[in-house]
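Colleague: Counting in my numbering, the sequence shown runs from 25 upward without gaps.
Bear in mind the hints are in silico, worked out from the structure with no lab data behind them. Check before you lean on any hint, since a few could be wrong.
To be verified - With a Cα cut of at most 30 angstroms, we get these calculated DSS-like pairs of lysine-lysine:
no.: 1; residue 1: K67; residue 2: K32
no.: 2; residue 1: K32; residue 2: K46
no.: 3; residue 1: K225; residue 2: K212
no.: 4; residue 1: K225; residue 2: K259
no.: 5; residue 1: K255; residue 2: K27
no.: 6; residue 1: K32; residue 2: K259
no.: 7; residue 1: K27; residue 2: K67
no.: 8; residue 1: K67; residue 2: K46
no.: 9; residue 1: K225; residue 2: K255
no.: 10; residue 1: K212; residue 2: K32
no.: 11; residue 1: K255; residue 2: K67
no.: 12; residue 1: K46; residue 2: K255
no.: 13; residue 1: K217; residue 2: K27
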Amino acid sequence: MEKQRLDKIIASTGRWSRREAKELIRRGRVLVDGAAAHSAEEKADPEASEITVNGEPLCYRRYTWLMLNKPAGVLSATEDGRGRTVLDLLPPDLCRRGLFPVGRLDRDTEGLLLLTNEGGLAHDLLSPRRHVDKVYYTRVSGRLTEADREAFAAGLTLPDGLACLPAGLEILSAGEESEARVTLREGKFHQVKRMLACLGKPVLYLERVRMGPLELDRSLPRGAYRFLTEKELEKLRGFDNPTKNVKSSPKTS
Numbered sequence: 025m026e027k028q029r030l031d032k033i034i035a036s037t038g039r040w041s042r043r044e045a046k047e048l049i050r051r052g053r054v055l056v057d058g059a060a061a062h063s064a065e066e067k068a069d070p071e072a073s074e075i076t077v078n079g080e081p082l083c084y085r086r087y088t089w090l091m092l093n094k095p096a097g098v099l100s101a102t103e104d105g106r107g108r109t110v111l112d113l114l115p116p117d118l119c120r121r122g123l124f125p126v127g128r129l130d131r132d133t134e135g136l137l138l139l140t141n142e143g144g145l146a147h148d149l150l151s152p153r154r155h156v157d158k159v160y161y162t163r164v165s166g167r168l169t170e171a172d173r174e175a176f177a178a179g180l181t182l183p184d185g186l187a188c189l190p191a192g193l194e195i196l197s198a199g200e201e202s203e204a205r206v207t208l209r210e211g212k213f214h215q216v217k218r219m220l221a222c223l224g225k226p227v228l229y230l231e232r233v234r235m236g237p238l239e240l241d242r243s244l245p246r247g248a249y250r251f252l253t254e255k256e257l258e259k260l261r262g263f264d265n266p267t268k269n270v271k272s273s274p275k276t277s
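Throw the hints in and build the complete structure from the sequences for me.
Modeller: See below:
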């Protein structure tokens with residue numbers, strides 16, 4: 025592999041920033057093949073060299089994966105002249121890594137959004153053939169009913185002719201405003217909103233809480249991000265949705 029700057033290699037793990045990496049190097053806490061590194065500009069092959077930080081072997085990551093708790097009002101794009109994008113929520117050193125969102129959330133939709141620079145795995149997660157579950161919490165205007173749940177389970181055809189795959193609608197509360205969890209196996213434009221509007225229940229609030237095997241980390245404030253853990257990356261890389269049909273949960277009140 026091509027050699028890279030030491031501070032960049034250390035920052036790739038997500039445990040330290042570039043500034044912190046430079047300080048660790050200055051304090052002699054970084055060893056490359058048993059010798060103390062003297063400069064952040066020093067280069068090494070992260071896959072061939074033995075690099076330790078504070079006496080522990082460095083776990084190098086070729087690709088960057090972030091979990092972002094997206095706030096409303098931010099666009100799921102790398103650049104857009106209409107307003108702030110999710111990349112504007114990241115520090116400059118991460119923005120320079122070529123990150124992009126894995127799928128999209130509407131401007132006013134909040135919650136789980138993955139960002140990466142690993143194109144192959146991102147493509148797999150978004151491929152229609154994989155049918156990766158996306159789960160949303162929603163609050164709507166109007167009383168959700170068993171008939172609505174059955175319509176989701178059967179697969180709705182929207183007024184514009186779009187035929188939606190069978191989806192899950194778990195009713196959490198029913199009243200003048202109802203709450204529900206929606207499970208989709210596809211990701212059409214504004215799909216959750218369009219499906220619920222088709223049933224006469226316009227969406228008041230929408231948040232994605234799960235994508236594939238990953239749940240939204242509730243310890244992340246809105247607008248905050250963190251690196252995925254090794255265990256989460258293993259789940260993503262080994263993920264294969266075994267469900268051939270979405271099974272709707274029974275109605276609860």
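Colleague: Would the hint linking K67 and K32 be met if the CA-CA limit is 30 angstroms?
Modeller: 9 angstroms, holds
Colleague: Within a Cα-Cα threshold of 30 angstroms, do K225 and K255 meet the stated pairing?
Modeller: This hinted pair is violated, its Cα atoms lying about 38 angstroms apart.
Colleague: Can the restraint linking K225 and K212 be considered satisfied, given a maximum Cα separation of 30 angstroms?
Modeller: Roughly 18 angstroms between the alpha carbons, so the hint for K225 and K212 holds.
Colleague: Are the Cα atoms of K32 and K46 separated by 30 angstroms or less?
Modeller: 10 angstroms, holds
Colleague: Compare the distance between the alpha carbons of K27 and K67 with 30 angstroms, and conclude whether the hinted pair is satisfied.
Modeller: Since the Cα atoms of K27 and K67 sit roughly 6 angstroms apart, the hinted pair holds (cutoff 30 angstroms).
Colleague: Does K46 pair with K255 here, judged by a C-alpha cut-off of 30 angstroms?
Modeller: Roughly 27 angstroms separates the two Cα atoms, so the pair holds.
Colleague: With a cut-off of 30 angstroms on the C-alpha distance, tell me whether K212 and K32 pass.
Modeller: 37 angstroms, violated
Colleague: For a C-alpha distance cap of 30 angstroms, please report whether K67 and K46 respect it.
Modeller: Satisfied, since the Cα-Cα distance of roughly 13 angstroms is no more than 30 angstroms.
Colleague: When you check the alpha-carbon spacing of K32 and K259, does it fall within 30 angstroms?
Modeller: OK: K32 and K259 at ~26 angstroms, within 30 angstroms.
Colleague: Mind checking the alpha carbons of K217 and K27 for me, to see if they're no more than 30 angstroms apart?
Modeller: 48 angstroms, violated
Colleague: Has the given pair, K255 with K67, been kept, meaning a C-alpha gap of at most 30 angstroms?
Modeller: Judged against 30 angstroms, a Cα distance of about 29 angstroms means the pair holds.
Colleague: Mind checking the alpha carbons of K255 and K27 for me, to see if they're no more than 30 angstroms apart?
Modeller: 27 angstroms, holds
The structure is inconsistent with the numbered hints 4, 9, 10, 13, although it conforms to all the rest.
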